[in-house]
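Trainee: Sequence:
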Amino acid sequence: MTRISSYGSYLSTLGGLTNGQRQIDDLSSQLNTLKKSVDVSAYGTQTQRLLDLRADYAKRQAYTNTIDQSMTRVKSYNTIMERMVKMASELSNVSRLPQGPGAVRVSSVINSNAESMKVTIDQINSSFKAEATYTVSAVPSSTGPAGSFDVTVTDGLGGKSTNTVNLKQVPPQVDADRFIINGGPGEGAVIKLNFEELAGGGTSTFDVTWPDLASTKSLIKGMTTELQSMLNEKVGDRYIFAGSRLSTKPVGDIISAKQIMSTTLVGARGDPGEVFEMTLNGQRFTYTTTGKEKSLDEVLTNGDGTGLVDQMKAVQPPFNVTLSVSNGIVTATAKDVADKFTMSSAVYDNGTHNNTIEPAPGALDPGQAPYTIQTASETQTQIDHVKLHGDEADVGDVFNVSIGARTIVQNENAPPKVIVAGPTKYSYAISPADTDILNGNAPVPAGFTAPSSMSNWVAQKLTAQINADPATTVTASIDPADDTNIILTAKVNNSQFQTTASINNAGNSARLVTNEIPPLANQDVFADLAAPPKLPFYDTEFTQQTDNSAAYDQARMTVDEGLPVTYGVSSNDPAIQKLVSSLRRLTQAVAQPGRYSEIMSEGRDLAIAAQNELKGVSARVVNAATTMENAQTRHTTAMAKATNEMAQIEGVDENEVAVKLQAALGRQQTSYAVTGRTASLSLVNFLS
Numbered sequence: 044m045t046r047i048s049s050y051g052s053y054l055s056t057l058g059g060l061t062n063g064q065r066q067i068d069d070l071s072s073q074l075n076t077l078k079k080s081v082d083v084s085a086y087g088t089q090t091q092r093l094l095d096l097r098a099d100y101a102k103r104q105a106y107t108n109t110i111d112q113s114m115t116r117v118k119s120y121n122t123i124m125e126r127m128v129k130m131a132s133e134l135s136n137v138s139r140l141p142q143g144p145g146a147v148r149v150s151s152v153i154n155s156n157a158e159s160m161k162v163t164i165d166q167i168n169s170s171f172k173a174e175a176t177y178t179v180s181a182v183p184s185s186t187g188p189a190g191s192f193d194v195t196v197t198d199g200l201g202g203k204s205t206n207t208v209n210l211k212q213v214p215p216q217v218d219a220d221r222f223i224i225n226g227g228p229g230e231g232a233v234i235k236l237n238f239e240e241l242a243g244g245g246t247s248t249f250d251v252t253w254p255d256l257a258s259t260k261s262l263i264k265g266m267t268t269e270l271q272s273m274l275n276e277k278v279g280d281r282y283i284f285a286g287s288r289l290s291t292k293p294v295g296d297i298i299s300a301k302q303i304m305s306t307t308l309v310g311a312r313g314d315p316g317e318v319f320e321m322t323l324n325g326q327r328f329t330y331t332t333t334g335k336e337k338s339l340d341e342v343l344t345n346g347d348g349t350g351l352v353d354q355m356k357a358v359q360p361p362f363n364v365t366l367s368v369s370n371g372i373v374t375a376t377a378k379d380v381a382d383k384f385t386m387s388s389a390v391y392d393n394g395t396h397n398n399t400i401e402p403a404p405g406a407l408d409p410g411q412a413p414y415t416i417q418t419a420s421e422t423q424t425q426i427d428h429v430k431l432h433g434d435e436a437d438v439g440d441v442f443n444v445s446i447g448a449r450t451i452v453q454n455e456n457a458p459p460k461v462i463v464a465g466p467t468k469y470s471y472a473i474s475p476a477d478t479d480i481l482n483g484n485a486p487v488p489a490g491f492t493a494p495s496s497m498s499n500w501v502a503q504k505l506t507a508q509i510n511a512d513p514a515t516t517v518t519a520s521i522d523p524a525d526d527t528n529i530i531l532t533a534k535v536n537n538s539q540f541q542t543t544a545s546i547n548n549a550g551n552s553a554r555l556v557t558n559e560i561p562p563l564a565n566q567d568v569f570a571d572l573a574a575p576p577k578l579p580f581y582d583t584e585f586t587q588q589t590d591n592s593a594a595y596d597q598a599r600m601t602v603d604e605g606l607p608v609t610y611g612v613s614s615n616d617p618a619i620q621k622l623v624s625s626l627r628r629l630t631q632a633v634a635q636p637g638r639y640s641e642i643m644s645e646g647r648d649l650a651i652a653a654q655n656e657l658k659g660v661s662a663r664v665v666n667a668a669t670t671m672e673n674a675q676t677r678h679t680t681a682m683a684k685a686t687n688e689m690a691q692i693e694g695v696d697e698n699e700v701a702v703k704l705q706a707a708l709g710r711q712q713t714s715y716a717v718t719g720r721t722a723s724l725s726l727v728n729f730l731s
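So for the sequence shown, the numbering used here puts the first residue at 44; every next one is plus one.
Note that these hints are calculated values from the structure, not bench results.
What you are looking at is a predicted structure, and each value in this text was computed from that prediction instead of being measured.
Every residue, glycine too, gets a C-beta built ideally from N, C-alpha and C.
Misleading hints may appear alongside valid ones.
[Said to hold, decoys possible] Calculated lysine-lysine pairs in the DSBU-like style (CA-CA distance at most 30 angstroms, straight line):
#	residue 1	residue 2
1	LYS577	LYS264
2	LYS383	LYS356
3	LYS378	LYS292
4	LYS211	LYS161
[Unchecked claim] Have a look at the derived ranges for each label pair, beta carbon to beta carbon:
#	residue 1	residue 2	range
5	PHE491	PRO315	17 to 25 angstroms
6	PRO488	VAL217	27 to 35 angstroms
7	GLY87	THR115	41 to 49 angstroms
8	ASN484	PRO188	17 to 25 angstroms
9	PRO254	PRO315	42 to 50 angstroms
10	GLN216	THR252	27 to 35 angstroms
11	GLU240	GLY483	29 to 37 angstroms
12	THR322	SER290	18 to 26 angstroms
13	SER545	ASP382	49 to 57 angstroms
14	ARG281	ALA101	19 to 27 angstroms
15	GLY87	ARG281	45 to 53 angstroms
16	LYS102	ARG281	24 to 32 angstroms
Turn these sequences into a full structure, and let the hints guide you.
Mentor: Rendered as structure tokens:
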């Protein structure tokens, strides 16, 4: 019985130690968690209230987390929309964008061959449409009357105008010196030329600019770049203006203008063997003249498919451009807005043929009369020789022979009277038709013989011209022994005349002029605003698909029970589309100064409309931000209240728990000391 009693005492001691340890564990947990218990069932009648408080707190915590995450995007929307409103205001303000392009500046004309062609610009009677380097070229006309020249004005932007001009025509031609540009952004420009000299081929150039537009161009370009960047704003991993296409960059080129380049062919047919070159995307194409071309345009395209454009079109795989040819102008247009290309051109001619006039062999007075080989007397006529030297000539070269009559009248009772008439100038300019005749590509006109050289052909032409003049005092003929030598013989004895001769070696002026057309300069029709699900032209997916409703989705969230908030803005919002359209019109305006005021007015109207609508969008974002902030405040207040109430239900006094824990640890230590010896015995020994 004693043993059983001892064993029971032992077990009672062990139980006391266990309960003490359990109390210590509970107090330690309270001290660590500052809660009475982690088991909600321990709270009795307050258990359900505690569960409700915890659920409400978790729900509000989720709301606040979502608001915090979205608020960064909302602030970005707010900042960007405010900038868009200001941008639209600046674009509609005449103090920022002037109503007119300012004064046009026309540079001095550079006449490359002033002896043959020298022009100036009549600025009062001229009106220009685009900034450009204008080229004036002249070649002897193949269709106009003798002495006529086909004068062409090009702007290097796809515009061209050609008139036939004859300064010797009586009565004078009407408006032959007035050139109206056709084609390209400079279409409609009127260039009034003053011809101070037009006796042969030549090339002249001048520049037209609007200096006051420089700052306007810079402003519009800067705003375009800025708007494009804002619409592609990214917060975290989201493009915030992309609708629900969060990982898709929404906007490409908001100007959305395909690259366009123009190459203008200037001049007339020249010699065989001249090389015309165009380079597209680094690939070189050449055409070498044969001398049999019917027009210089065959350099670009011809029936044999050997023209420069013919070659470029035949390349496989095709270039990323569309090529067209009209009136000697090549237009290259990128197939897609995103496509970029390079194009250049050059002409390698045969150089200038330096024809000369040789002094007559056996001239009696080489210093004063280098062409006279026989003087006039009562028994003989004066004879002059004009020797042309050179087998070839360039289109536009001018050969001149001037003959001045010098007559002596004898008087019986007085000294002889000398009468000198002013010199008559006979000129012949080389035309493409002459090269055709020389090369056997055209029939020889009646009254002429097949030329043995260009000098012989010019000699024939000058001889015919002199003999056709009823006022001439000489007869012209071709030397049978030298078909490049012109013989001038006075019609009567004792008739003296003075001969001078010269050649203006103008050189071939054929060239290819390549320029890039300013963005939107050639565009007159603009797309209407897109409505969902249609994508506007500047959307990055526009070229792959025209419809996508996801692009119009607006970011939204629920900030409280039954309180949804829409705070997002799409890059395709009608207000933004109008702002983009405004910038496009303004870009076109600075590219077409001649229509600046008209187009600028349209662009400014769009900016005003955009500004009004952007204010509405901006206000919606501000209201959304306010709603979110108010909801955030409500949640924060409610969470603080719930925290206090939960603390009252399950909270403990940290100091009180610490004292209790210390006491429990002391009691437990005492219990271990009292039962130490018993605890050190084995159960077998104790029972024995």
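Trainee: Each hint should be assessed against the structure and marked as holding or not.
Mentor: Do the hints match the structure? See the list:
no., hint, result
1, LYS577 <-> LYS264, "holds (27 angstroms)"
2, LYS383 <-> LYS356, "holds (17 angstroms)"
3, LYS378 <-> LYS292, "holds (22 angstroms)"
4, LYS211 <-> LYS161, "holds (15 angstroms)"
5, PHE491 <-> PRO315: 17 to 25 angstroms, "holds (22 angstroms)"
6, PRO488 <-> VAL217: 27 to 35 angstroms, "holds (30 angstroms)"
7, GLY87 <-> THR115: 41 to 49 angstroms, "holds (45 angstroms)"
8, ASN484 <-> PRO188: 17 to 25 angstroms, "holds (23 angstroms)"
9, PRO254 <-> PRO315: 42 to 50 angstroms, "holds (45 angstroms)"
10, GLN216 <-> THR252: 27 to 35 angstroms, "holds (31 angstroms)"
11, GLU240 <-> GLY483: 29 to 37 angstroms, "holds (33 angstroms)"
12, THR322 <-> SER290: 18 to 26 angstroms, "violated (40 angstroms)"
13, SER545 <-> ASP382: 49 to 57 angstroms, "holds (53 angstroms)"
14, ARG281 <-> ALA101: 19 to 27 angstroms, "holds (26 angstroms)"
15, GLY87 <-> ARG281: 45 to 53 angstroms, "holds (49 angstroms)"
16, LYS102 <-> ARG281: 24 to 32 angstroms, "holds (25 angstroms)"
The structure shown violates just one earlier hint, number 12.
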